[in-house]
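Add 24 to the 1-based position in the sequence shown for the working numbering, that's all there is to it.
A couple of the hints might just be wrong.
[What the hints assert, rightly or not] Derived CB-CB ranges, DEER-like:
(1) Asp249 to Asn65: 44 to 50 Å
(2) Arg123 to Gln298: 50 to 56 Å
(3) Asn253 to Ile289: 52 to 58 Å
(4) Gln282 to Asp249: 45 to 51 Å
(5) Ala146 to Pro245: 40 to 46 Å
If you are wondering where the hints come from, they were derived from the structure by calculation, not from laboratory data.
By construction, the Cβ of each residue, glycine as well, lies at the ideal position given by its N, Cα and C atoms.
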Amino acid sequence: MSNPLSTRYSRDRYINLLTDFGFKRLFGTEPNKNLLIDFLNVILPAQHRVRDLTYRSTENLGNTASDRKAIFDLYCESEKGEKFIVEMQKAKHNYFKDRSIYYSSFPIQEQAEKGDWNYKLAPVYTIGILDFVFDEDKNDETLLHIVELKDQDCKGFYEKLKFIYLELPKFKKSIDELNDHFDKWLFLLKHLPDLEEPPLPLQENVFMQLFEVAQITSFSPEERDAYENSLKYYRDMKGVVETAREEGIQEGKAQGIQEGKAQGIQEGKAQGIQEGKAIADQANLAKEQAEQKAQRLAERLRALSLDPDEM
Numbered sequence: 025m026s027n028p029l030s031t032r033y034s035r036d037r038y039i040n041l042l043t044d045f046g047f048k049r050l051f052g053t054e055p056n057k058n059l060l061i062d063f064l065n066v067i068l069p070a071q072h073r074v075r076d077l078t079y080r081s082t083e084n085l086g087n088t089a090s091d092r093k094a095i096f097d098l099y100c101e102s103e104k105g106e107k108f109i110v111e112m113q114k115a116k117h118n119y120f121k122d123r124s125i126y127y128s129s130f131p132i133q134e135q136a137e138k139g140d141w142n143y144k145l146a147p148v149y150t151i152g153i154l155d156f157v158f159d160e161d162k163n164d165e166t167l168l169h170i171v172e173l174k175d176q177d178c179k180g181f182y183e184k185l186k187f188i189y190l191e192l193p194k195f196k197k198s199i200d201e202l203n204d205h206f207d208k209w210l211f212l213l214k215h216l217p218d219l220e221e222p223p224l225p226l227q228e229n230v231f232m233q234l235f236e237v238a239q240i241t242s243f244s245p246e247e248r249d250a251y252e253n254s255l256k257y258y259r260d261m262k263g264v265v266e267t268a269r270e271e272g273i274q275e276g277k278a279q280g281i282q283e284g285k286a287q288g289i290q291e292g293k294a295q296g297i298q299e300g301k302a303i304a305d306q307a308n309l310a311k312e313q314a315e316q317k318a319q320r321l322a323e324r325l326r327a328l329s330l331d332p333d334e335m
């Protein structure tokens with residue numbers, strides 16, 4: 025009996041690079057490390073371009089048994105000793121920046137040497153490929169953020185610790201609008217499973233290797249099952265996020281209507297009180313004017329020696 029997963033997504037020729045399986049197959053294996061090097065070099069500052077790298081264990085333990093461990097998506101080291109943590113985040117995480125800082129502490133601490141040590145550290149980079157946009161960046165078109173330590177005057181304080189965030193949903197270019205190597209990488213990260221053949225602008229050596237590695241037909245049955253399970257998880261997560269977003273919008277609308285009604289009632293009451301007070305003031309003024317008129321008439325009658333009570 026055939027495995028229903030084996031044909032479930034067979035129409036796609038290339039894998040989705042935002043799945044765990046696709047991301048690690050492309051960037052996390054020794055035979056394909058030149059793909060990771062090429063990708064890193066389009067987002068790193070020029071002075072930290074990578075020529076070679078080695079993969080390190082993605083599971084990092086604390087100094088004691090009770091310390092919390094960290095499991096990275098990818099962890100590697102350049103030929104110059106620079107440390108790179110590469111994380112692919114599929115859905116919004118309220119404390120993703122906190123997690124980035126926490127993760128960066130592991131490659132910092134592991135550099136400690138026993139005995140005499142001058143505390144000189146190799147650069148540490150934490151790179152987040154995000155399939156979401158930070159709330160504070162929603163009105164900012166910038167999709168690549170490079171964050172480093174600065175002082176109160178925004179002068180660089182320490183250049184060997186950097187956090188790089190790539191907000192993929194902001195990338196909107198079509199295949200005909202790609203300007204450079206950076207654009208091409210972003211296009212592939214977002215649209216690889218939508219392609220049937222390598223488009224002409226992407227027929228460079230490094231990308232042709234990527235297309236070859238990413239062909240689902242070249243997978244073993246075990247690899248295909250692993251990929252399709254990973255793809256199902258990715259799609260389910262995206263569905264949950266979208267459902268939560270839509271429910272949030274509907275709840276927001278309902279709450280807005282209720283609050284609008286309540287506000288309308290309060291405004292109606294306030295307006296009624298103001299109008300009632302105005303009417304009462306007008307009535308009191310009319311009464312006062314009538315009394316003053318009657319008093320003036322009585323005074324004129326008395327001046328004529330007439331008693332107004334007898335008339």
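With 40 to 46 Å as the target window, see if Ala146 and Pro245 comply at their CB atoms. holds (42 Å)
Quick check: does the Cβ-Cβ distance between Gln282 and Asp249 fall within 45 to 51 Å? Holds - the Cβ-Cβ distance for Gln282 and Asp249, about 49 Å, lies within 45 to 51 Å.
A range of 50 to 56 Å was offered for this pair. Does it hold for the Cβ distance of Arg123 and Gln298? Given range 50 to 56 Å: holds, Cβ gap about 54 Å.
Supplied distance hint 44 to 50 Å, evaluated on CB atoms of Asp249 and Asn65: The hint (44 to 50 Å, Cβ to Cβ) is violated, given that Asp249 and Asn65 are roughly 34 Å apart.
Could you tell me whether the CB distance from Asn253 to Ile289 stays inside 52 to 58 Å? Between Asn253 and Ile289, where Cβ atoms are some 54 Å apart, the hint holds.
Of the numbered hints listed earlier, the single one contradicted by the structure is hint 1.
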